[in-house]
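Participant: Spelled out, the chains give:
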Amino acid sequence: GAVVSQHPSRVICKSGTSVKIECRSLDFQATTMFWYRQFPKQSLMLMATSNEGSKATYEQGVEKDKFLINHASLTLSTLTVTSAHPEDSSFYICSAQDGRFVDYNEQFFGPGTRLTVL
Amino acid sequence: AQKITQTQPGMFVQEKEAVTLDCTYDTSDPSYGLFWYKQPSSGEMIFLIYQGSYDQQNATEGRYSLNFQKARKSANLVISASQLGDSAMYFCAMREEGMGGSYIPTFGRGTSLIVHP
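If you read the protein sequences in the order shown, they are chains Z and B.
Just so you know, we're using this note's numbering here: the first sequence kicks off at 1 and counts up by one.
Just so you know, we're using this note's numbering here: the second sequence kicks off at 1001 and counts up by one.
Think of the hints as simulated: they come from the structure by calculation, not from any bench.
There's no promise every hint is true.
Label-pair distances were calculated between CB atoms; the ranges are [unchecked claim]: (1) Z/Ala-72 <-> B/Pro-1117: 23 to 31 Å; (2) Z/Ser-83 <-> B/Gln-1014: 45 to 53 Å; (3) B/Phe-1012 <-> Z/Gly-53: 47 to 55 Å.
Derived pair list, reagent style DSSO-like, types lysine-lysine, alpha-carbon separation capped at 27 Å [unchecked claim]: (4) B/Lys-1003 <-> Z/Lys-41; (5) Z/Lys-41 <-> Z/Lys-14; (6) Z/Lys-64 <-> B/Lys-1016; (7) Z/Lys-64 <-> Z/Lys-14; (8) Z/Lys-64 <-> Z/Lys-41; (9) Z/Lys-64 <-> Z/Lys-20; (10) B/Lys-1016 <-> Z/Lys-41; (11) B/Lys-1016 <-> Z/Lys-66; (12) Z/Lys-14 <-> Z/Lys-66; (13) Z/Lys-41 <-> Z/Lys-66; (14) Z/Lys-41 <-> Z/Lys-55; (15) Z/Lys-20 <-> Z/Lys-41.
Glycine is no exception: its CB is placed at the ideal position from the N, C-alpha and C atoms.
Only chain Z is shown next, with the shape it has when bound in the complex (with noise of 0.2 Å):
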């Protein structure tokens, strides 16, 4: 199946530095993709949706300021969590569509960021 990788896989950092996440799919051409926060034992939430070529829409909730997304070729998109606060302590995990498949399991999820801010 497609393969979609994420880097890094942990980071620790300090409070008020910047982190940056990079999500790529590596065997196809992601129209789509989403970026997704989970707390220890809870659901997958949805921050946000990235198409190529355009602004990010965030869920409701998410600040635009907090958690840069760019989506800069069909294959890279990349999350920047700006001044990082212990708070933002989470696991975040990307997907990516491919718009050739509408049906199915269109979506497919990279392996997931742990990130520790101290």
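Starting from the known structure of chain Z, arrange chain B on it as the hints suggest.
Facilitator: Chain B only, in chain Z's frame:
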């Protein structure tokens, strides 16, 4: 209102037995898709099975089958012959068509399955 409801926060099953994980959904969209994902402790989301709203037959994938009852808006996952490696979180998800034709996924809260030897 929740679109995807998983009422079982935790389930236990004996190895080699079958287990059913419940999922109900709420939508007014006639066209939708239902998914089940497995998330082991490593965190990766593993796709298990898919059911389209217009599919006449229940989906099956190896030991996984989806008991789709459209009138009840129910999409339960059945795992047959449970294995120790099945211990994980299981998420039910629904895809509806959002604004502009994009497909917006919604996830349930998940069910933690523990398989006992």
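Participant: What hint numbers does the structure not satisfy?
Facilitator: 1, 6, 11 and 14
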